[in-house]
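Listed here are the chains, written in short residue letters.
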Amino acid sequence: MSLDEYKVKYELWDNLRQFFTIGRNLIGELGSAPGVSFNGEFMNVMVDYLNNLYEAEKNKTPIAMYNFCVPPELFYAADIYPLCQEIGSVALAIANTQTHMGYIDYAEESGLAREQCNAQKIWIGATLQDKTPRPDMMVYASQPCDSTNILYQVMKNYYNIPTFTFDIPYWHYDEKNEFYDERTLPYLSGQIKKMIAFIEENGKTKITFDKLKTTVENSNKAREYTLEFLELMKHKPSPAASLTPFTLYMTLMAAAGTSGAVIDYAKWCRDDAKEKIKKGIGHISENYRKKEEKFRCFWVYIPIFFDPMIFSWMEQKFQISTVMDMMGYQMAQPIDTSSEESILTDMAKTILEMPMARQSRGPMEYYLDDVVKIVKDYQIDFCIWGGHLGCKHSWAVASMMKKLIQERTGVPTLVFEVDTMDSRVVKGKEIRKTIQNFVTEILQ
Amino acid sequence: MSIEDFYEAIQPVPTKYMKNKKVIGSFCSYTPEELIHAAGLLPIRMNGRGHKETALGDSFLSKFNCTFCRTTLDMILKNKYDFLDGIISLNSCDHIRRTWDNIKYEHPPKFSHFLSVPHHASPAAIKWYTDEIIKLKNHLETSYNIEITNERLKESIKLFNKSRTLLKSLYEKRKESELKITGTDAFAIIIAGTAMEKEIFNEMLTRFLETYDERPKVDYDRRVMVVGSLIDDIEYIKLIEDLGAVVVTDAHCFGSKYVWDMVDETKNPIEALSERYLKKIPCSRMIGKNVNHDVRRAFIKSMIKDFYVDGVIFESLKFCDLQGGDNYMMIRELKELGVPTLELDREYIISGMSQMKTRVQAFLEVLA
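If you read the protein sequences in the order shown, they are chains A and S. Numbers 1 to 444, taken from this note's numbering, label the letters of the first sequence in order. Numbers 445 to 812, taken from this note's numbering, label the letters of the second sequence in order.
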């Protein structure tokens, strides 16, 4: 396929298809590249997901845009194409084709502030130039941050399409009690019922219980494998490449509820990790000659999207396995499919447990407890907090968290500034230097 | 009643008006102040007026957080708010809720409470906030050994509604072409209402309104509206008015968004509070069907019409995503309607005044 053949309709989406399709074909020819998390199975899920948008348009299937804190299962159950905006923005930053920076510039030239999050500005910049697919409806949640909240209002205002919003309650912290209080679940499951009515009405479709059950059973399979895999990541040395948890998160965000590639990928991750543990080999020793895992890192915040190779650089140069990252840390459990009520209640839990949303939409203690638990469970030697400039809520507790993580676990945390989607703010080279100094001076 | 009396109430905290009662600070206009009043306490809005530093606040927050939060946290950590008996915080925005996380660990007040405010105003959301208000009520009752009866609460609601009515009549007078109050003085009065006992404030404002017609006429050449998030410093309004315009109205959380809507005195008082606070002219954090950008736009458009506004100045605290995004939409929409607009980014602690002055001057020239 020539490059021009990828250019079908929407520059942003076409670029993503090109990146993932070429990447998949390349990996297919070369086998898995050392240290690269983006293996063929992962690429399959992404390519399918991206291609399906064009299929949906061809078949006149309604398209629903949603933010990454809304699970896609209900759209799949309604035969609606779920267009996750952040996959478009973030994956384009991962592809690092430079076009995404043009979109950021365009959004800022139109009047959006520099400090607004690029996870939405990329899409907005492209949309203003007619380079994105147009959804028929939109669903978004008030979590995890103000930027999401207001920039989805900007998109709603631009598209002028039917929109459903979730109000995610702020949770009161009680260390003695469950994560969910008695009010939160019914409040949220009530909203899910309304969302179902909304998509049925605007998608001119019907979600039957059987369809919902089948969809959820699919997503349960993928989630079960994912959770098993995350357990295996506790093993020392780490059986999988850094960022694998993040890739699983991405695939669930796009395709949870479908059969096929998303389940295959999660199963492959689980089986591969299991096999390595059985054979007594770790990811680093397998991929980098005569090297063994030396340190285990928890990436406290979102990965550096524009330079994901930083993680394999850390593996190669310092034998550091980033065994967990915040986006990859899945807490949502498989959904009880015994009744419609149980599905809705558990789906409400899934929304509350969404990576990043879980840590961001309540008091700092939830975040801190998660970090402390991860540090202990995954035998972490240090944490790295690449604080994304758009995330003001996170920056506001970075200093306090660093102190408390040290106090409660004895583990140091490196904190630095970065725009995870715009390499012009802090370059990958500078980040590497910062990590190198930290590793050299603090740990060796 | 002289306007200077109101100015005394907006001096750096604690003012002389904060000496007679136990004082509870709150961070946002979504706090049901009536309940605090019914507990025999004085509710005031947290502010950093007169404070000129953020260094200590900065060491906990970051340079990406708004300077209102950095200033108030700095003051709290430097014991300048130790005269407070307690603080109530909310999930108003990312900056405020996370500032609260820092306060809890570093300088916990004697009484503290966090309100989970929905982003919707649906029946379910109103029920949610009703429960939150009940929790606050119980917490106040246990902490201060007082019973907040429905009667007491109804009395407080009546008092606060009276305050809103008086303030709205002040706004009404600013619709007229012959003005007898500047925007600066009007704003000083409104802010004073967030920093003193409502009983005294209502009395002062009643007397002021009675003598309003005797005041000298204000000279001005253009009528301006100020839209934004958190603005509680009259210097910004004064800057605009020193250049010959008059600020006739506003849409921000220390102004009309604080004043506008009444609590229904015929309903169960707690439910009525929940309904009023969620359904009031919405802050840009709100995304519900009946409380969203469309409602804010309609409100601003009606203000422009009713107050004969020539141009709108949008102010936004740097790093305020919510207001920044809302301003972005509103400016485009007003431009389409042919309403001249100016957007001013600012820091909470006054800085860059000469640059701001130049921009406002150029804007006023456009209006001319």
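One or more of the hints may lead you astray.
[As the list claims (entries may be wrong)] For lysine-lysine, the following DSS-like pairs were computed, each having C-alpha atoms within a straight-line distance of at most 27 Å:
| no. | chain 1 | residue 1 | chain 2 | residue 2 |
| --- | --- | --- | --- | --- |
| 1 | A | K193 | S | K554 |
| 2 | S | K524 | A | K403 |
| 3 | A | K402 | S | K507 |
| 4 | A | K402 | S | K548 |
| 5 | S | K711 | A | K376 |
| 6 | S | K733 | A | K427 |
| 7 | S | K507 | A | K194 |
| 8 | A | K349 | S | K554 |
| 9 | S | K571 | A | K194 |
| 10 | A | K373 | S | K571 |
| 11 | S | K507 | A | K429 |
| 12 | S | K723 | A | K194 |
| 13 | A | K193 | S | K524 |
| 14 | S | K733 | A | K204 |
| 15 | S | K554 | A | K403 |
| 16 | S | K571 | A | K403 |
| 17 | A | K427 | S | K762 |
None of these hints come from the bench; they were simulated from the model.
Verification of the hints:
no.	hint	in the structure
1	A:K193 to S:K554	violated (42 Å)
2	S:K524 to A:K403	holds (25 Å)
3	A:K402 to S:K507	holds (17 Å)
4	A:K402 to S:K548	holds (16 Å)
5	S:K711 to A:K376	violated (52 Å)
6	S:K733 to A:K427	violated (42 Å)
7	S:K507 to A:K194	violated (40 Å)
8	A:K349 to S:K554	violated (34 Å)
9	S:K571 to A:K194	holds (17 Å)
10	A:K373 to S:K571	violated (35 Å)
11	S:K507 to A:K429	holds (23 Å)
12	S:K723 to A:K194	holds (20 Å)
13	A:K193 to S:K524	violated (48 Å)
14	S:K733 to A:K204	holds (21 Å)
15	S:K554 to A:K403	holds (24 Å)
16	S:K571 to A:K403	violated (38 Å)
17	A:K427 to S:K762	holds (24 Å)
Comparing the model with each numbered hint stated earlier shows that hints 1, 5, 6, 7, 8, 10, 13, 16 do not hold.
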